[in-house]
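> Please take these sequences and the hints and turn them into a complete structure.
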Amino acid sequence: MPDIVLDLDFALGHYNYWMFVILMMTGLYVTVSRGNLIKKIVGLNLFQTSVFMLYISMGKIIGGTAPILTGDPDTVYSNPLPHVLILTAIVVGIATTALALALVIRISETLGTVEEDDILKMEHEMDFGVRKPGGGSR
Amino acid sequence: MLDIIVTNLPALQVVVPLVAAPVCAMLGRGDRSWAFATLVSFLTFAISVSLFVAAYGGEPISYEMGGWAPPIGIEYRIDVLNAFVLMIVSGIAALVMPYARRSVASEIPAERQAFFYTAFLLCLTGLLGVTITGDAFNVFVFLEISSLSTYALVASGAWRNKRALTAAYNYLIMGTVGATFFVIGIGMLYMITGTLNMADLAVRIAEHGDSRTLRMGFVFIFIGIGLKLAMFPLHLWLPNAYSFAPSAVTSFIAATATKVAVYVLLRFMFTVFGFDYAFQASTLENVLLPVAIVAMFAASLVAIFQDDLKRMLAYSSIAQIGYMLLGLAFLTHTGLVATIVHLFNHAVTKGALFMVAGCFVLSAGTSSISSLRGVGRDMPWTTAAFVAGGLSLIGLPLTVGFISKWYLVQASLELGWWPVALLIMGSSLLAVIYVWRVVEAAYLQPAPEGVIRREAPLSMLVPAWILVGLSIWFGIDASLTTTAASRAADTLIGSSQILWQE
Amino acid sequence: MKHHSILRVVSKLLIPPIILYALYVQWHGDYGPGGGFQAGVVFAVAFILYALVYGVDEMMRILPPRLLHALAGIGVLIYAGTGVVTMLLGENFLGYNVLAHDPKHGQEWGIIVVELGVGITVASVMMSIFIAFACHNPPIKDEEW
Numbered sequence: 000m001p002d003i004v005l006d007l008d009f010a011l012g013h014y015n016y017w018m019f020v021i022l023m024m025t026g027l028y029v030t031v032s033r034g035n036l037i038k039k040i041v042g043l044n045l046f047q048t049s050v051f052m053l054y055i056s057m058g059k060i061i062g063g064t065a066p067i068l069t070g071d072p073d074t075v076y077s078n079p080l081p082h083v084l085i086l087t088a089i090v091v092g093i094a095t096t097a098l099a100l101a102l103v104i105r106i107s108e109t110l111g112t113v114e115e116d117d118i119l120k121m122e123h124e125m126d127f128g129v130r131k132p133g134g135g136s137r
Numbered sequence: 000m001l002d003i004i005v006t007n008l009p010a011l012q013v014v015v016p017l018v019a020a021p022v023c024a025m026l027g028r029g030d031r032s033w034a035f036a037t038l039v040s041f042l043t044f045a046i047s048v049s050l051f052v053a054a055y056g057g058e059p060i061s062y063e064m065g066g067w068a069p070p071i072g073i074e075y076r077i078d079v080l081n082a083f084v085l086m087i088v089s090g091i092a093a094l095v096m097p098y099a100r101r102s103v104a105s106e107i108p109a110e111r112q113a114f115f116y117t118a119f120l121l122c123l124t125g126l127l128g129v130t131i132t133g134d135a136f137n138v139f140v141f142l143e144i145s146s147l148s149t150y151a152l153v154a155s156g157a158w159r160n161k162r163a164l165t166a167a168y169n170y171l172i173m174g175t176v177g178a179t180f181f182v183i184g185i186g187m188l189y190m191i192t193g194t195l196n197m198a199d200l201a202v203r204i205a206e207h208g209d210s211r212t213l214r215m216g217f218v219f220i221f222i223g224i225g226l227k228l229a230m231f232p233l234h235l236w237l238p239n240a241y242s243f244a245p246s247a248v249t250s251f252i253a254a255t256a257t258k259v260a261v262y263v264l265l266r267f268m269f270t271v272f273g274f275d276y277a278f279q280a281s282t283l284e285n286v287l288l289p290v291a292i293v294a295m296f297a298a299s300l301v302a303i304f305q306d307d308l309k310r311m312l313a314y315s316s317i318a319q320i321g322y323m324l325l326g327l328a329f330l331t332h333t334g335l336v337a338t339i340v341h342l343f344n345h346a347v348t349k350g351a352l353f354m355v356a357g358c359f360v361l362s363a364g365t366s367s368i369s370s371l372r373g374v375g376r377d378m379p380w381t382t383a384a385f386v387a388g389g390l391s392l393i394g395l396p397l398t399v400g401f402i403s404k405w406y407l408v409q410a411s412l413e414l415g416w417w418p419v420a421l422l423i424m425g426s427s428l429l430a431v432i433y434v435w436r437v438v439e440a441a442y443l444q445p446a447p448e449g450v451i452r453r454e455a456p457l458s459m460l461v462p463a464w465i466l467v468g469l470s471i472w473f474g475i476d477a478s479l480t481t482t483a484a485s486r487a488a489d490t491l492i493g494s495s496q497i498l499w500q501e
Numbered sequence: 000m001k002h003h004s005i006l007r008v009v010s011k012l013l014i015p016p017i018i019l020y021a022l023y024v025q026w027h028g029d030y031g032p033g034g035g036f037q038a039g040v041v042f043a044v045a046f047i048l049y050a051l052v053y054g055v056d057e058m059m060r061i062l063p064p065r066l067l068h069a070l071a072g073i074g075v076l077i078y079a080g081t082g083v084v085t086m087l088l089g090e091n092f093l094g095y096n097v098l099a100h101d102p103k104h105g106q107e108w109g110i111i112v113v114e115l116g117v118g119i120t121v122a123s124v125m126m127s128i129f130i131a132f133a134c135h136n137p138p139i140k141d142e143e144w
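Residue numbers (numbering that gives the first Met the number 0), protein chains in the order written: chain A, 0 to 137; chain B, 0 to 501; chain C, 0 to 144.
Everything labelled a hint here was simulated from the structure, so no lab data went into it. Beta carbons are placed, not taken as given, at the ideal position from N, Cα and C, and that holds for glycine. Hints are supplied without guarantee of correctness; some may be wrong.
Reference excerpt, derived from the structure (chain C facing chain A, CB under 7 Å, subset only) [unchecked claim]: (1) P32; (2) F36; (3) I128.
Within a straight-line C-alpha distance of at most 20 Å, the following computed SDA-like cross-link-like pairs (lysine to any residue) qualify [unchecked claim]: (4) A/K59 x B/W67; (5) B/K161 x A/R105; (6) A/K120 x A/E108; (7) A/K38 x B/M173; (8) B/K161 x A/L110; (9) B/K161 x A/D116; (10) C/K103 x B/W67; (11) B/K161 x A/E114; (12) A/K59 x B/G193.
Here it is in structure tokens:
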């Protein structure tokens, strides 16, 4: 491992990675910290979107064009493979979101709430038949 | 015609259930879609058996999707290890499908059954695809196909208990976070190497040597798969998902989904990163080994205090995953053999036990242990199957559980880690306690007055007993499974040692 | 929605170009960026816009959920069927080379058929998801968000 030297040009030049890291951590934080099931899904979407950005920015070549043959041997093409991969990942993301929303609707119908604290309280009641003393964990 | 089928077997292994899924949805109600899905599961089992026979004989089979040669195209690559896992997955599916008819009929409304079987086939497609493919990103796609259909299958338990919905939701959140971590890791590997083919990745990573990006990629992949396979501190989705899913689904995913995730872990750890990648070795020894041992004890202890049979078995699954990871963490040939053998052994044992739990649910309407008092007299065959499966879970000689633990103890003694060997035996004692609780309730306690519990129907008993039979058969004569596991371990170690040597 | 004449007129003007654009993206995928995924989504958007303005019941008159489910399955079958045909012609699964008199045309025809299957599936799945949510009773109340 080389010694860590702060190289400002290097750090700022890779701004796409910084954006990826910020988006990813925001998404993960929202997913973990929010008690509302729908907000959790929003966080999850943000998290997935950050990965799309990572892949797409990685395939970009400065000055490169869409990878369709132009006939000019000097043309620079962007790498299409990450884009194709992310197309698949986006489809997976849509399917996940749709399924998660469908589950939330069913949860809200059967339990009457989409707040995790309330749901945990109800499940505790179902398990032990008594109301948890002192309410939720907040 | 026959040679067309033979040359395209690797593609057919995935394509047959994939094509069958929409057809199954269009067939409409209940029995027709069940019969069709059962037929398809038998067919996939036949395909995987012939693939295993072909791969066992010699060289790995390579199949180029769309005729594009690897590393550019997607390659399906079958060696002994994944042929073995393919056979486990499709074999369990072929046994669960006949079992499912009565069990599903009692848990899912008739007009929804076609969709249930469709989701089941898609789940099977995903699991087989993860196992068969030689392309890293393809693993993610199939992993998500299987996971998404599993979430739906778990949620379909809501007709019996509405808590299945929240269980499925939590599973979805954790599973998706895991899958996304996995994709980030693959992205890092792609940045370094510019390839996604596993064999090509292995060569180029070895050429490239160690770097910070590689380490990050390793960690992301490790944690991502860890979430999918319910590695100990990341297991929180598993107990609820297993307890509230419909019985047939539980016995299928408990026997296959985590096993496939363990296979992916093995494949990435040893084929892609290489057996002698130093960063990996230290991670396995300092992180995975303690985690595995804690899983064996903590999960078993929690299992003792559960009142619900399915939930107890779910915690026991987490403990058993601990054994598999332990074998991996030894980083020796014997340890790997133990892991791979335990993949099969645990699939057979847990599949049988969850089937039995499903029989109890069908006849007694519940799987809580306190309501199973005296059930040994009402349902002798079912309860006997539970006892046999439970003995295997404990690891008594003449059952498959013993074979796994034998190899684990042997591997730890080879390294001179005798405390680990003692811990393995100690955790087996915990298994004695939770299995005994059920046996005691079933045989020694009087049945409650006025409760009629009829023996489970043959269509459910026979699959359960086939699995129990297998767990005894391979416990007495383990030569087939251990030789296959040993060869699989050889390929994992052999391929990677060539790579990293200077 | 009887009184929202601006919405009704604008959407009537927009829907045909959206569908046309979807078809362009679908069939032009081998000369420029495009393909079944994108086209399917754009195509579905036209119908979803129609349903938003004129009501889901109107949309379900032309596209009942049963039909959409069947179409989603048929799309997958077109995709996989192409693969099976190439296998029967002696190539690997989805090896398009054998579909025409020479490999180049084979690749072109193969990808067009496969993308058609993808487009049908994506469009009908997107519309079924929309219908499943829109027709759900009882709808989610505003306070629950």
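> Determine for every hint whether it applies to the structure shown.
Here's how the hints hold up against the structure:
no., hint, result
1, P32, "holds (6 Å)"
2, F36, "holds (6 Å)"
3, I128, "holds (5 Å)"
4, A/K59 x B/W67, "violated (24 Å)"
5, B/K161 x A/R105, "holds (9 Å)"
6, A/K120 x A/E108, "holds (17 Å)"
7, A/K38 x B/M173, "holds (15 Å)"
8, B/K161 x A/L110, "holds (8 Å)"
9, B/K161 x A/D116, "holds (17 Å)"
10, C/K103 x B/W67, "holds (14 Å)"
11, B/K161 x A/E114, "holds (16 Å)"
12, A/K59 x B/G193, "holds (13 Å)"
Of the numbered hints listed earlier, the single one contradicted by the structure is hint 4.
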